[in-house]
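Q: Residue-level listing of the chains:
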Amino acid sequence: MNFIAKYFPNAVTMQDEFVQATGETLYMTFVTAVVAGIIGMAIGVGLIVTQPGGILENRVVYNILDKIVNLCRSIPFVILLAVIAPLTRLIVGTAIGTTAAIVPLVIGSAPFYARQIQNALSEVDRGVIEAAESVGSGPIAIIFRVYLKEGLPDIIRSSVLTLISLIDLTAMAGAIGGGGLGNLAINVGYSRFENDVTIAAMLIILVLVFAIQLIGDLWARKVDHTA
Amino acid sequence: MTNEAIIQLKDIDVTFHNKGQTVTAVKNVSLTVERGDIYGVVGYSGAGKSTLVRVINRLQRPTAGTVEVNGQDILALKPKELRVARTKIGMIFQHFNLMASRTIADNVGYPLKGGDLSHEERQQKVAHLLDLVGLTEKAADYPAQLSGGQKQRVAIARALANDPEILISDEATSALDPKTTSSILELLKRLNRELGLTVVLITHEMEAVKEICNKVAVMDDGEIIERGDLVTIFSRPEKPLTQDFINTATQVDQAREKIFKQARTLGLDDHHRLVQLQYVGASTDAPLITELYKRYGVVSNILYGNVEILQDTPLGNLIVVMTGDPDKLTAAWQYCQDAGITVTHLQPTDPEVA
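Sequence lines, in order, name chains A and B. The first sequence begins at 1 in my numbering and counts up by one. The second sequence begins at 228 in my numbering and counts up by one.
Isolated chain B, as found in the complex:
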């Protein structure tokens, strides 16, 4: 994987004027996507993610800023040049946006119409694309006859018709059930691996990002509030919103809530501490719980455990009740931190977490 920037957005502002009201959808955002990235842009609806990525292929002209894709200044292109540039930037949408009046094969072949390919070459290409997304036998069907996941596969095949180097996925899995979502994400990952496709994935579901992205940016109110590689963001989220997204994705939130509801039954006191342990990579492998007992006589009762494998890096979350003498507990605490584990003391009475 080279570190060459394929998309460079600099100081992008997008402002809408509507009936005397001015709405700033994107505020001073800069974003660099490197070739081969699967770059996730996460945020709640209305955060400006869709507007931001529409700037990449100029479906949305920014009010200010510069857009460079593949070394081309997108904002300087004439309409005809822009259309050529767009053929190299595929896009898929939440509602698939297939043409109901065309068969699946015609939908996939649509971008090739009026191009240089002969009728036969076009048919071959369409057949190849349908094979790529696993829908060969649906070629003669119409979109209305397909399921949501199949429709999105057709949309992906259509987006790939002109051999783009970039694929923008605008909430492409948001209308799909979890299982279908996984299969679509799996397909995107495969295309990324096999075709070297750079993917920009917009979503409000951190789960989607977790499954395939190598980098992620979190957007809120038109701004990117946090960004970085997936493992870093997941292991050390700084902004509360990012933590929110991650806790939802890893389900630590739900676990915490449940545990807090049962807090009284845990009998917490000076000798019992409710602790969340977070660890990344190699430290996962260390037999931590055993170590704590052997060294400090601290018994850890596991209430919740979860390990995510992100980009081949394990990321673990444990919620335990540690039992032992107060000074031993403090020593054990220190030991964990020295081992590179993030330790958080959970207090059910804390109004912030309750």
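Okay, chain A solo, but in the shape it has when bound:
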């Protein structure tokens, strides 16, 4: 503890704030991951099945999804936060706070995840899809029993990537009023010249990222039977 007290003089007095901020970061990450995960997965699968040569080929739907994903991904997140504040107010009732941050986080990360899922699923061998069609599988069965099952190792890897970039986004959202470790690092640590707080917040985020990466890698390896 002496070591911590010596190098983190301010942070050590703010344990409650750190616990709360970490909780907020995890909350934002978790809720966003679930919501953006479902939306992103749906769009990603939609892109794969409607793409030219897909099992439910549909040029119109594919182009619409593709354009939406590109559009959302082109807006810098910091600007997105400000631009969609009215929408956030409409959905959550306020544009400030942890829950309010979830709206831009979802809009910022779901398209990214959709693209990742599309990439992961496009690795599924077209021949395996054809084999499933040849034994009489319909589109729903092919999506759930072939695409999502065969693509699982890549889906896990993409999810890890998305989660890590999501933590990055929560820090940005936090800095402009969303709470969490980003808020602590910028609005406390940086603004008050308490650098140790900034570093402590960063270290916690690093631990979170490493933990996610490690778990993801192990899980992906466990379900991957290709080699």
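Note that these hints are calculated values from the structure, not bench results. Treat the hints with care, since some could be wrong.
[What the hints assert, rightly or not] With a Cα cut of at most 20 angstroms, we get these calculated SDA-like pairs of lysine to any residue:
{"id": "1", "chain 1": "B", "residue 1": "K305", "chain 2": "A", "residue 2": "E130"}
{"id": "2", "chain 1": "B", "residue 1": "K307", "chain 2": "A", "residue 2": "R145"}
{"id": "3", "chain 1": "B", "residue 1": "K246", "chain 2": "A", "residue 2": "P52"}
{"id": "4", "chain 1": "B", "residue 1": "K307", "chain 2": "A", "residue 2": "E57"}
[Said to hold, decoys possible] Computed list of chain A residues with no C-beta within reach of chain B, every gap over 12 angstroms:
{"id": "5", "residue": "V12"}
{"id": "6", "residue": "N58"}
{"id": "7", "residue": "I96"}
{"id": "8", "residue": "I140"}
{"id": "9", "residue": "I164"}
{"id": "10", "residue": "L214"}
[Claimed, not checked] Just so you have them, the derived chain A footprint on chain B, three or more residues with Cβ under 8 angstroms:
{"id": "11", "region": "313-321"}
{"id": "12", "region": "381-390"}
{"id": "13", "region": "559-569"}
For every residue, glycine included, the Cβ atom is placed at its ideal position computed from N, Cα and C.
Chain B: place on chain A using the hints.
A: Showing chain B alone in chain A's frame:
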């Protein structure tokens, strides 16, 4: 074996449009496969064989024509009906197309998922199928742990899960070594015999057709250029492409080439003729060479000989140098032809064969 048509393709056209280019992969092809047939479709890659057979289970919708399988108009089926129809048409592929994320047992059981069978019935069925293809002990392994031949056996078991009446084999042995190819073909033949499975075998290797098919169609540039029962096609191929395929399969080509290279040492003249003799069925048994000597004093020196047994019918190929007086040689020639033997005079200087 009944003569009932199980697959009837009529006037099939398949056209692809790609970036303003129109490619006709299959042109006006009609094909009838009878129940119990092992029907070979041979052709070089790009001839349209795969496209043609994909029409059978509508993995490929033809641009024109009609498809009847088991009395059902496949093109008129609604998506759900089509899926039911597909369960009765098994298919295996060149690259096996197994699911890497599932065990062998799960791969074989995949087509049964969502069906009427209980979990136990499904397991029993999978065990039976694995036994059928001889892979019982691999049930818990993953495809990555298997050899090519084993993977194809798994694919065959999967294709049979719904008790299909037809099995389409799309270049299923093309990625396998010759020995494994033989064992897979042997398995297909056994399934044909034991389960009455009708097999449509697509391949670019005439050897595969030779081993198990009873009928064969040769495809070139989207069209069937020649078809018939195996023995007829092998003994009297009409189109040059068919002859090509057959000569490769019987290795007569290589033999001829070698002999031609040595042609000078043969000392061919009016008294020595280089001749290829082809005979089918019973005429194989006649002691031809002895007969030629006894009757005409013509001595035959055998340079190459090969007998294929196709569908229990022997098909022989001999390349000999006949030696004798010119008029005797002509008489011997006539005798061979009268005996139902196809005689071809080989001339090494002939630019066509050289």
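Q: If a hint holds in the structure, say so; if it doesn't, say that too.
A: Okay, the hints, checked on the actual structure:
no.	hint	verdict
1	B/K305 with A/E130	18 angstroms, holds
2	B/K307 with A/R145	18 angstroms, holds
3	B/K246 with A/P52	13 angstroms, holds
4	B/K307 with A/E57	17 angstroms, holds
5	V12	48 angstroms, holds
6	N58	14 angstroms, holds
7	I96	45 angstroms, holds
8	I140	9 angstroms, violated
9	I164	24 angstroms, holds
10	L214	22 angstroms, holds
11	313-321	holds (count 6)
12	381-390	holds (count 5)
13	559-569	violated (count 0)
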